[in-house]
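Residue numbers (my numbering), protein chains in the order written: chain A, 85 to 492; chain B, 85 to 492.
Any given hint could be a false lead.
[Unchecked claim] Below, a list of computed lysine to aspartate or glutamate pairs in the DMTMM-like style, where the Cα atoms sit at most 20 Å apart:
id : chain 1 : residue 1 : chain 2 : residue 2
1  : A       : Lys-257   : A       : Asp-339
2  : B       : Lys-425   : A       : Glu-179
3  : A       : Lys-115   : B       : Asp-404
Rather than coming from a laboratory, the hints here were simulated on the basis of the structure. For clarity, every value in this text was computed on a predicted model and none was experimentally measured.
Number of protein chains: 2
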Amino acid sequence: MDIETSPLAQPFPNIPPIAGVTTRVARAGYKNWGRCDLTYVELTAGTSVAGVFTKSACCSSEVEIGRDNVKSGHARALVVNAGNSNAFTGYRGREAVEQIMAQVAGHLECPKEEVFVSSTGVIGVPLPKDKAEAGVAAALNAAPCSWEDAAATIGTTDTFNKGAMATAIIGGKTITLAGIVKGSGMIAPDMATMLGYIFTDAAVDPAFLQRCLSAANASTFNCITVDSDTSTSDTVLAFATGAAGNSALASYEDDGADAFASALQDVCRQLAHLVVRDGEGAQKFITVDVTGAQSDDSAQRIGLAIANSPLVKTAIAGEDANWGRVVMAVGKAGEPADRDKLSIGFGGVWAAKDGQPLADYDEAPVAQHLKGREIDIAVDLGIGPGRATVWTCDLTHGYISINADYRS
Amino acid sequence: MDIETSPLAQPFPNIPPIAGVTTRVARAGYKNWGRCDLTYVELTAGTSVAGVFTKSACCSSEVEIGRDNVKSGHARALVVNAGNSNAFTGYRGREAVEQIMAQVAGHLECPKEEVFVSSTGVIGVPLPKDKAEAGVAAALNAAPCSWEDAAATIGTTDTFNKGAMATAIIGGKTITLAGIVKGSGMIAPDMATMLGYIFTDAAVDPAFLQRCLSAANASTFNCITVDSDTSTSDTVLAFATGAAGNSALASYEDDGADAFASALQDVCRQLAHLVVRDGEGAQKFITVDVTGAQSDDSAQRIGLAIANSPLVKTAIAGEDANWGRVVMAVGKAGEPADRDKLSIGFGGVWAAKDGQPLADYDEAPVAQHLKGREIDIAVDLGIGPGRATVWTCDLTHGYISINADYRS
């Protein structure tokens with residue numbers, strides 16, 4: 085099956101090397117798709133790590149083990165397998181992960197708990213241990229590769245390679261953050277719903293790195309949805325090598341901590357948007373701005389009810405300013421709302437205010453806006469100070485074709 | 085736009101008249117579709133009524149008023165407008181409903197609170213009062229019509245007419261229940277998500293009728309979903325004329341009360357299934373049986389997470405026994421589950437048991453089962469006594485065509 089590149093794709097940015105980070109790729113052959121499918125990232129001794137993981141009750145062994153080991157705060161390596169998620173594979177799946185951890189730890193002479201493993205692909209097939217072993221051995225001896233090669237290798241149904249970068253100044257030193265991400269379907273927020281990795285040369289205390297990552301995640305990866313389906317393997321890890329030589333950040337009071345936290349959030353937001361831009365079948369990138377809700381959390385839940393509504397998403401696909409479907413989605417969200425205070429707009433034009441269609445509503449600029457690739461939906465609840473922004477894509481024949489017309 | 089009759093359609097059953105109930109239809113012209121669009125049902129004096137309504141925070145005036153008036157327990161008439169939902173229309177929408185109630189109450193010389201009104205169709209356009217007045221006047225003078233004519237007239241995007249019947253014996257007297265329903269899109273459970281009306285000649289105390297209807301609703305209309313989108317106008321009303329002459333039922337201890345409650349549940353289940361069979365774009369009718377959950381409520385939430393998952397629904401559309409997507413949906417449901425006790429089957433064949441694919445899993449009978457129109461998915465959590473059954477349809481190109489390719 086040939087899938088065309090998303091019309092919302094963005095070119096891979098020019099990301100510089102991060103001191104203390106080396107990326108390598110190899111071909112383990114998990115799937116017969118004639119490209120590299122194993123990514124190995126080596127991290128200098130002393131690298132801090134933080135992570136956020138899927139809340140799925142049926143998560144993979146990779147997620148279970150990673151969630152435990154991230155607590156120590158130290159990492160030396162990351163291995164990402166593409167083509168097999170190793171989820172729902174019982175003890176055999178767990179053995180494969182532990183084998184990879186031991187193999188890399190032996191090579192680096194580090195505790196195996198400092199080796200992080202992710203896998204993405206088909207559910208229910210144990211990761212073949214022989215292929216994993218040969219793939220890891222090949223990767224350990226491979227030449228270093230570019231960020232784009234690493235981004236391409238962690239991808240599965242992705243139609244373009246996704247990366248982002250940002251910089252910040254900490255105590256006069258410029259530090260750099262680089263991120264790569266994969267994801268296109270089974271994308272719904274309950275953490276991250278994809279695999280994402282962020283690397284920085286900043287020196288950051290693990291606990292503070294976790295605090296910054298959790299905060300950034302809440303307003304970025306947890307505010308996107310493609311199809312409301314939450315993966316069993318979602319993982320975002322942040323690694324800080326400390327090679328930039330700044331004095332290690334340990335709290336928001338430290339000089340440069342705000343700048344670092346902002347830059348991390350910026351990279352997370354960029355990566356999250358790229359996942360939506362590669363949503364299965366996506367033709368339009370939709371921003372839903374919710375204001376006037378009872379609280380920020382309530383605004384986020386209302387935003388996600390809109391962004392997950394098949395009827396709203398198909399209306400946008402059809403370039404139809406069907407604000408009645410937005411009313412429906414607000415109504416079903418289960419959050420405080422007053423029908424007679426609700427206002428809805430598209431592309432900066434209000435279509436309905438205070439619970440009624442506007443008499444002088446000018447549909448022409450809205451129709452023009454809906455023909456574009458970037459769609460803005462505004463919803464004001466009129467009952468409180470809560471606000472949130474969520475991002476999604478439209479629901480098209482392409483989604484059905486990718487997920488129904490071809491067998492797994 | 086021509087929409088073909090659902091391949092899952094069932095013929096309209098042979099439903100006898102219900103003593104004390106007269107149905108009439110007329111053309112109000114709410115939409116330019118050249119058919120009757122106003123249904124008027126007259127009920128004999130002394131008729132009991134019960135109702136369940138959408139929980140949408142943005143419900144229509146019809147729902148607000150009906151929810152209040154059903155508390156009195158008495159009904160003399162029902163008016164259903166098709167082609168305009170009158171939702172999100174502020175005070176003008178409310179005035180139109182009150183005008184209809186007053187017009188019919190004047191004709192019947194009854195309190196206007198005993199006239200129930202429902203409307204279905206486009207959101208955000210006030211129901212035109214002149215058309216409503218002329219339509220009601222025409223209906224009051226029209227000849228009585230058949231159940232199928234009434235079912236056809238309440239429909240909007242429905243592709244076939246939907247009705248059901250059942251009988252029960254109460255104290256030696258046979259009583260009859262007749263039901264009609266409309267609904268095809270914007271179907272998700274939070275009550276009923278469509279319009280449904282059930283009429284019986286049994287004598288039933290209003291409070292007990294409400295108790296029976298609420299109980300039946302919980303395991304029927306609240307266990308179906310087409311697209312996870314909850315309508316602003318959903319309503320199910322049950323009317324009991326008492327013309328059968330049984331001694332009125334007032335509690336489950338009364339003779340025949342169990343038989344009546346069973347028959348009511350039977351009609352509700354039949355009507356709920358018909359809505360799924362007319363789900364927008366539906367090609368397959370899917371039954372999800374969840375067992376071994378912590379509680380019945382938990383089982384229902386897990387069942388609905390599966391039934392609402394676009395990835396599960398597209399897998400069934402593609403006739404793909406992709407049980408990994410079922411694992412994903414169980415995992416995202418937010419309910420207690422133990423990955424290593426989870427079992428999943430299709431058409432009576434287990435594909436995975438206790439958290440792992442079955443080594444001797446025979447895919448051939450499953451593949452054959454998935455080619456059919458009636459698909460059974462079984463999920464056993466293995467952790468408790470909770471069970472539930474939910475019903476849905478697959479997600480196909482037809483759904484996208486109906487909702488995206490054409491403008492509202």
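Now the hints, each set against the structure:
no.: 1; hint: A:Lys-257 - A:Asp-339; result: holds (11 Å)
no.: 2; hint: B:Lys-425 - A:Glu-179; result: holds (19 Å)
no.: 3; hint: A:Lys-115 - B:Asp-404; result: holds (19 Å)
Going through the hint list in order, the structure satisfies each hint without exception.
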